[in-house]
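> Residue-level listing of the chains:
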Amino acid sequence: MYQYTAAELSSMLKKKECSAVEVTESVLGRIHAVDDKVGAFITVTEELALQKAKQVDEKRVAGEALHDLAGIPIAVKDNICTKGVGTTCASKMLENFVPPYSATVIEKLERCDYVPVGKVNMDEFAMGSSTETSYFKKTRNPNDLDRVPGGSSGGSAACVSAGEVPLSLGSDTGGSIRLPASYCGVVGLKPTYSSVSRYGLVAFASSLDQIGPLGRSVADVAMLYSAICGRDNHDATSAVREYPDFAASLQADLKGKVIGLPKEYFGHGVSDKVKDAIMKMAHDLEQQGAVLKEVTLPSTDYALNAYYIISSAEASSNLARFDGVKYGFRAKDYNGLVDLYEKTRSEGFGDEVKRRIMLGTFVLSSGYYDAYYKRAKLLQQKITAEFHNAFEACDVLLTPTAPDTAFKIGENIGDPLKMYATDICTVTVNIAGLPALSVPCGYDGALPIGCQLIGAKFSEQNLLNTAFAYEQSVGGFNRIPQIR
Amino acid sequence: MIDIKHIAKLSRLCVTEQEEEKFAKEMENIVAMIQDLPQLDDTGALMDPNQPMILREDTAQQHFKRDALLQNAPQTKAGCVVVPKVVD
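Just so you know, the sequences run in chain order P and R.
For the first sequence, the working numbering assigns the number 1 to the initial residue and increments by one for each residue that follows.
For the second sequence, the working numbering assigns the number 1 to the initial residue and increments by one for each residue that follows.
Everything labelled a hint here was simulated from the structure, so no lab data went into it.
These numbers were taken from a predicted model, which means no experiment stands behind them.
Be a bit skeptical, because a hint or two may be false.
Claimed, not checked - With a straight-line cut-off of 27 angstroms between C-alpha atoms, the simulated DSS-like cross-links for lysine-lysine are:
| # | chain 1 | residue 1 | chain 2 | residue 2 |
| --- | --- | --- | --- | --- |
| 1 | P | LYS354 | P | LYS408 |
| 2 | R | LYS9 | P | LYS377 |
| 3 | R | LYS85 | P | LYS332 |
| 4 | P | LYS354 | P | LYS326 |
What the hints assert, rightly or not - Residues from chain P that keep clear of chain R, each with C-beta distances beyond 12 angstroms, as calculated:
| # | residue |
| --- | --- |
| 5 | ASP245 |
| 6 | SER473 |
| 7 | ASN478 |
Stated by the list, open to error - Have a look at the derived ranges for each label pair, beta carbon to beta carbon:
| # | chain 1 | residue 1 | chain 2 | residue 2 | range |
| --- | --- | --- | --- | --- | --- |
| 8 | P | VAL291 | R | THR59 | 47 to 57 angstroms |
| 9 | R | ALA68 | P | LEU48 | 13 to 23 angstroms |
| 10 | R | MET33 | P | ASP333 | 32 to 42 angstroms |
| 11 | R | ASP88 | P | TYR243 | 53 to 63 angstroms |
Ideal Cβ positions, reconstructed from N, Cα and C, are used throughout, including at glycine.
This is chain P alone, in the form it adopts within the complex (with noise of 0.2 angstroms):
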């Protein structure tokens, strides 16, 4: 039953045709089975998911209306807290963190009657590519056990691929859910900032930092969307407005709509295998009554070194509650204050955490300030506006989600810039506070190839749409690879 789509599921719950304790068995079934060779989850929550199957089952009986995800098993990013539910982040830190609170997006879906099954590894503190920066184990790409599942959010999209899960929740900063949606063939949405509420997400970058969902068909991520979603008051930055249903919603007529691609997304660097795929896609959306339009983002290429100066820098003081005092980790022996503070976070952060601190303090530095941030802020303007202006023209925007297809375990852990350059095609949308979605669109052997559509802010509708299209057109992404 794991390798039903999560829409698939919830008719069949409807129908009674299996039980929410059945479903649950069988996606329990599938993580025992091959997640000691996945390694997504950090925590499985085994005797609470049946106990909370159990009680939707109850609830069925008794006749009570139920939201579509009642019933449905979802994986959730260890950067989320979850009450009583250990929340990592994948450090030494937060080793033994049981946070007393749920994040807003935790409690709507409790409200929704989702099934928690457990917690998934990430780059630690969500910095990284590639999931292995993790402090306590590596998540392969399901697709090919030697290489990445891609990051930070590689235990999201790892365990939807496997088929141990139909829907995660992961966070996205710089690419954190396209990128691994990428690598691992499944649909992955950053929302547009604001829309979904950040209480309880364990800050990286406040200003870029949004939680989205990830699944195997634009419908269910569309749902899962849907139940996130909103105004929340904890959340001074979250948008007041209301939004449709979105997987009620979707449409996959493309008559007329006018699809961007800006050419500096298929510059240097980028394999022509990806090219390909990428246009054969916008082929297929034209064969539907698509329009293509060659567009221009100029300051695209200086979007990566802006993206990791304002990032780091707002981690730098993000990460300044970690000292040892009032929870997690603290180090053993001290002397005074200072030193408990040094040596905490020395023992407790791994080397990529401390180079973003440092490079984030360096930044907001006495004498660098005007020279890194102030202008990496300008630069942040600026590209909001071309997008503006690209959007006047285009409804959606068609991009590569990532240069190349998943690497080698260990092939990049040792250059850090040539694992922050994974993240050229998807740092833009952060920046820009935009909603996008990667989608599979082909494979080099086994390796699957994403496709990222970008919209104007609030557009996601559209974007699902456009996908959706594609989708019915290439009969559907739910595709679980053998794991071997």
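Once you have looked at the hints, place chain R on chain P.
Frame of chain P; chain R shown alone:
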């Protein structure tokens, strides 16, 4: 040259001599990459006027019980967090 010892101190991190050399080299490379930014006009505000922040009413609410919060503290005594002596 980036003074890693100084940056580490500001970041409340300590680095061994071996790490200092490694981080210094990596940081030099990263900074060489990120410093390539265009010179842009800086008139114009850095706030997004279309996304004003709306703050909730400043009213006291009971969110957490003390015990629940202290469960995650590394060291506690008599309902308080224990820290090293900070004043003589």
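> Please flag the earlier hints that this structure goes against, numbers listed from lowest up.
none
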